[in-house]
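Trainee: I would like the entire structure built from these sequences, with the hints used as guidance.
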Amino acid sequence: MTTRTGRRSVQGGIGESTIRPDGVPKLRGEFMYAQDMHVEGMLWGATTRSPHPHARIVSIDVGPALAIGGVHAVLTHDDIPGPGLFGLEHPDQPVLAGDVVRYWGEPVAIVAAEDEDTARRAAEAVVVEYEELEPLVDAEEADARDEVFRRMKIRRGDQEARGSVVVEGYYEVGMQDQAPLGTEAGLAVPDGNGGVDLYATSQFVHVDQQQVVEALGLRPEQVRAHPVGIGGAFGAREDVNLHIHLCLLALYTGRPVKMVYHRGESFTGHVHRHPARMWYRHEADENGRLVRVEAKILVDGGAYASTTAAVLANACYFAVGPYKCDSVAVDGVGARTNNPPCGAMRGFGAVQVCFAYESQMDRLASALGMDPLELRRRNALATGDRLATTGQVIDTPLPVVEVIDSLAAMPLLVDEPGSGGDLPGGSGLTTEPRHVRRGVGYALSIKNLGFSEGFDDYAQARVRLSPEGAIVETAAIEVGQGLVNVLAQIARTTLGVSRAEVRHVDTSRIDSAGSTSASRQTQLSGGATHEAARRLRQRILEHYRADDLDDEGVWRGDTLVAAWDDLVRDGWEETVTFRHPPTEPPDENGQGKMHADFAVAGHRAVVDVDPELGLVRVLRVDTAQDVGKALNPESIRGQIEGGILQGVGLAVMEELVLDRGRIRNATFTDYLLPTILDAPDVEAILIEQEGSWGPFGAKGVGEPPTISSTPAVVAAIRDATGKELNRVPVRPQDIALEEEVAR
Amino acid sequence: MIIGFRLNGQEVTARVDHPASLLDVLRDQLGAYGSKNACEQGECGSCSVLLDGELVCSCLVLAADAEGSEVTTVEGVAPEGELHPVQEAMNRVGAVQCGFCTPGFVVAAVDLFERNPHPTSREIKEALAGNICRCTGYGAIIRAFEELAGREVR
Ligand code: FES
Ligand code: FES
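Protein chains in written order, with my numbering: chain C, 1 to 743; chain H, 1 to 154.
The set of hints was computed from the structure by calculation and includes no laboratory data. Take these hints with a grain of salt, some might be off.
Unchecked claim - Sample of chain C residues facing chain H (criterion: CB under 10 Å; computed from the structure):
(1) Met32
(2) Gly63
(3) Glu634
(4) Ile644
Computed from a prediction, not measured in an experiment: that's the story for all the values here. Don't be surprised by glycine CBs; every beta carbon is placed ideally from N, CA and C.
Mentor: Structure representation (structure tokens):
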């Protein structure tokens, strides 16, 4: 009989900044990414893409491509054994274009060959005759022609309400790219029985699997999608791109097929953040209380639906921001054009409107002669209030006032302009210190967590016991955010054991975890892990009439009644499907309980500007963020710093430039990404208020840092320059020259 | 043509049929997948290696030019089973998220600390300005190397 020497506390549980288990393999270059997969006898795939944004396909001649030695297959629309359509929300996008191409870079043919170089040469050798058509590239024209994916109408409260202070504004947001460092890549392996195993970059393997099945007319059990190593996502991995192509080529050739997009192809091969045009009117009383907000929001969805309907809805639902207002009218349009398709990117619609409503709040503050933070405090939304747009009563913690107070209390830690050589022009001595002007700006944001509008949003997780400790099985994708840490931490704390790890399993072995998006996995897969671990512990304790479980086994008082190895032999496991509180679709006025939870954040940016050259240096972006409960503080800090820099990128440098539907800057040379020299210092305050339905009260943390950082930086540039700056990214000419984007 | 060089201390040979980059040869022919391809234009540093001790973007080096040289990749910066101090520093402070940029940062930082064991914050940033990270916002990467440089961490 073993006698207990005293209970050890669990190591590596929630609240600790545990070291991530995939860190060492990644640091050594041993971690397997989709780009690194290879199997004996595999072929390489490549894609023939349309050089036109809109054209009729007159003919396709695959002969010249097939004639190249080493080419095994050249497939077109006619070779697809099934409906040949896909799409996240509804299948409107051809796997390979049939009669018409609708955007620049749309796939027209796919090739499999012995090596990558041959595959690419063959893809170029496919002869496609096009008859060019006029591309529709202007979202307002699309709106006028009723070429739309969705229209939204929100009407809440007395539509006649009027305030005494009125500000109007027009705002634009350019097309941002997620630019994950790992491009699209994958490997499909035929199983010899008409089925296929897919290993490809993804944020949601179950929905990839489903789209492969439907597009190719397969049975669900014939396709297994496996989670694989992925070099970032930020929304770009939510839609299918090479997945169906790979499966089609593998099934056709009977050989494993690998495909990797190069950077230029990646820019055309995934969806982007929707560019937006927004018209706003805010009316307030003389005390600064919002009396009425009107907005028209137009987002360009590009050629195919992707998630435009949901992005537009989010933009409209959060059009007022984290503020109270009882008279609201919002009209939204998701336009269909011949521009590149747009879909998910971190912030998902909340980013675009945040730039507009926070710009409006600053204008209102200046019209009232009021401090911008004081104006926000007077209008701050709180738990128990109704969301201004949808009327939903907020029943989880919403610390808007706490965010404002925290930001206001943070010391402004900056040196004199130019000290240390950090000038807007960098070390190139382009800027003279005496010309530098400093500005400070603030912005707040609100975003839903999890999927909304009645979507059945769930995640399954399994906790089982193994000789190595507890294993959490899941199909939830680790995109870099640290899910492999946090799920293990939840399992350790809940079970009471210190050894736990996460293992990814394919779609045939577990039900969906849902998408790694909408800041949802900590709450959803975390919730499933928490509940599975809780039930497993309870069942074990009840079975042995025991009172504790730890790394050694099950204890009744000081007596070990079953050792860990006995538990492992008995195969204890628990599988749980976790759902967040139900939501509902909107009524005809856009009213209802569409969201399961919300998170707020605030940012304060400090910038130095060289007004003559139009150069900006973002010195600091400080933040306070509503996190519910900080399960892994260092991971959260990583999300905050990374998210802020993407927001800074949208504020001052990142934009895909289109010329009649064609992307002009599809390279890392021309699409500017922030480097380490562009990164501001960040101080972050995590606001913990328990009460959300996430595990231990945790909220998702991935998106809020990206949302209000952009308007905070622009507000700081306005503060420094006095310019209106109604478009992001702010370019040097917007600062140095006189013209504004006038509407 | 057949080229030969030393990869992390081992003699290797590879067949180069077309103007392949050193990165292509490392990954596709030698199975050394540690160095990453994220832009193949010299803009991101994910493919950083040491070529005869000099930090280069292997996507910009013609494989044929590596003939007879010593190439050190992320797989070769520390002995088997050990971590280089640069890797340890990054691991400790959460400087790895998706990790796709990580091999490039490791190699660039190994180069920096070999040349300058106590770099200032500014020297750290300048040395790593050619490496793009899309995930971390660089904060943890800077903290890792400031700590390693023995400087006070912000
Ligand atoms: S892949 Fe070589 S610098 Fe980007
Ligand atoms: S950790 Fe993902 S790019 Fe740096």
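Trainee: Confirm or reject each hint.
Mentor: Hint-by-hint comparison with the structure:
1. Met32: 8 Å, holds
2. Gly63: 24 Å, violated
3. Glu634: Because about 4 Å separates Glu634 (chain C) from the closest Cβ in chain H, which is inside the 10 Å limit, the hint holds.
4. Ile644: 6 Å, holds
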